[in-house]
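Numbering follows the numbering used here, with no gaps: position 183 of the sequence shown is 183.
In case anyone wonders, no lab produced these hints; they're calculated from the structure.
In this text, all values refer to a predicted model and were calculated from it rather than measured experimentally.
You may find that some hints are simply not true.
[Claimed, not checked] In silico DSSO-like pairs for lysine-lysine, Cα to Cα no more than 27 angstroms straight-line: (1) 187 x 126; (2) 126 x 221; (3) 221 x 187.
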Amino acid sequence: MSRLTRRSAIASALALSACAREVQSQPVADTPLKSIASTPVGACLQRHQLDDPAFAALLTRHYSQITAEWEMKMEYILQDDGRFRFDRPDAIADFARRHGLRLHGHALIWYSQVMPAFRALDGQGKRFADAYRNYILAVAGRYRGLAASWDVINEAVDDNGVDLRRSAWTDNLGVDEHMILAFHHAKEADPDAVLFINDYNLENNPTKRATFLRMVERLLKAGAPIGGIGTQSHLGLDFTPPGMCRIALRDLASLGLPIHVSELDISFGDKPETAPLPKLLSRQADLARELAQAYMDLPRAQRFAFTVWGVRDRDSWLRGANGERPWEHPLPLDDAGQPKPMFQALAEVLSG
1 MSRLTRRSAI ASALALSACA REVQSQPVAD TPLKSIASTP VGACLQRHQL
51 DDPAFAALLT RHYSQITAEW EMKMEYILQD DGRFRFDRPD AIADFARRHG
101 LRLHGHALIW YSQVMPAFRA LDGQGKRFAD AYRNYILAVA GRYRGLAASW
151 DVINEAVDDN GVDLRRSAWT DNLGVDEHMI LAFHHAKEAD PDAVLFINDY
201 NLENNPTKRA TFLRMVERLL KAGAPIGGIG TQSHLGLDFT PPGMCRIALR
251 DLASLGLPIH VSELDISFGD KPETAPLPKL LSRQADLARE LAQAYMDLPR
301 AQRFAFTVWG VRDRDSWLRG ANGERPWEHP LPLDDAGQPK PMFQALAEVL
351 SG
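Please model the complete structure; the sequences and the hints are all you need to start from.
Below you can see the structure in the form of structure tokens.
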């Protein structure tokens, strides 16, 4: 996995701090978030986490929608010899079905994941294009009628905020063309799923947001059946200025498409030891409240879902693959699964 590397523009290297101590939960009503919220609320998960009864109980108690953190991506499904592997995606989809949870598919095409089976077809024109279509049909089609939605294109705009990313997809199929094809193939696979284009740093980088919106408008004009915009909302106390979330969601909603806050977490930022933990938690709650209010200010038809990227703080990718950044507490529930001020803020605002 390269989650930390690919989001280096978002989460700068953080110094080990006194914030490594356990977060003390704040007293809030022990009410399921999904029973309070007037919009679907979601969280991501990995297959192995479902074997933990405490994790599964928290997930089903508080959330009405789930996203596979990485096991419905190409890196897991497509093996080097071209065969497909669906054991973990199937288990996640079955969990959603058994518990009455809405399933959001993530993600069909990502610049960062061009697997060896596709590399072997590089420069082979129709064979590459046919394999591209077949992959999308196989994956989106497998969960037809169960996945309510898909991130069809993930992270197409470069971190510089100006250019679109280059990859084997763009080199073989075209910069805009590969996205248009992906949306048409996904629509063919599942005509009823809501099809999203998803990206990060849209709140923090106005230049990137403007490029993203021009790209989406261009794709729509070319006939791509885009059904919604996903903004990952990986925010940080040191790089998300107050007011930016309101501006960003207003801009993103200007195309009239549904909005999915798709991967929310809030980093404490650089050198969190400079502030006491209660103050950091309070600032985190304020930023979550601003984003949630900006989302709730959208017309009801444009509020698709509000998803956090993990269930408990200790499940977050921000902790690092080996837990090397224990000072991060980026989610609404603490390590023990108890509500934090961020939870209270979301509950208050998402209740409508």
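| field | Index of numbered hints that the structure contradicts, given in increasing order | value | none
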